[in-house]
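Engineer: Sequence:
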Amino acid sequence: MPLSPTCKVTKTHSLKKGDILFYEGTPANEMFYLESGRLSVTKRILNRNIKLGELIQGEFLGEVAVIGGGTRSATARATTDSTVVALDRKHCNQCFANIPSCVLIVMKALANRLRQADELVIKIARVHELINELAGKIQLLESSLLEEEKEGGRP
1 MPLSPTCKVT KTHSLKKGDI LFYEGTPANE MFYLESGRLS VTKRILNRNI
51 KLGELIQGEF LGEVAVIGGG TRSATARATT DSTVVALDRK HCNQCFANIP
101 SCVLIVMKAL ANRLRQADEL VIKIARVHEL INELAGKIQL LESSLLEEEK
151 EGGRP
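Sequential numbering from 1 applies to the sequence shown in our numbering.
Hint data in this document are derived by calculation from the structure and do not stem from the laboratory. Where is the CB? At the ideal position from N, CA and C, for every residue including glycine. Fair warning: there could be bad hints in the mix.
[Claimed, not checked] BS3-like, lysine-lysine: derived pairs with alpha carbons at most 27 Å apart: (1) K108 - K137; (2) K137 - K150; (3) K150 - K123; (4) K51 - K137; (5) K108 - K123; (6) K123 - K11; (7) K43 - K17; (8) K137 - K123; (9) K11 - K108; (10) K43 - K137; (11) K90 - K150; (12) K90 - K137.
[To be verified] Cβ-Cβ distance ranges computed for the label pairs, FRET-style: (13) A109 - T71: 15 to 21 Å; (14) N29 - R126: 33 to 39 Å; (15) E147 - I67: 26 to 32 Å.
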């Protein structure tokens, strides 16, 4: 969906493949609309960049920090040559107040990202269960080997 002409664009950014639009932890005073190209969104966790998602033409990003305040929660990098337009907080609020469909589009994007976050939490919980199960089996194996050693058998 193209950006409504009544939403005032404050800047246009042309990005080359590999360019960073914004870094995690930096101040957030604007959100972005991806006019063309693709962006990858990553978060730094335990000294690793974890890919949270890939955005395509027509999607918004950066809305969480603009709506809720604070700093960027992730890093956005162009995976192809891309064009994004910036909407600062003031103009976002005006757009939301005057164009209910803009609010609905952003709400749908937030709902989709929340669903993706829920799926990630489920995957993490499953990995945690597997780690606990594996740790239990390692303890049983260790106990069995120690018992064999006590009985004079070879470990």
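Engineer: Going through the earlier hints one by one, which of them does the structure break, listed in rising order?
Structural biologist: Failing hints, ascending: 1, 3, 4, 6, 10, 11, 12, 15.
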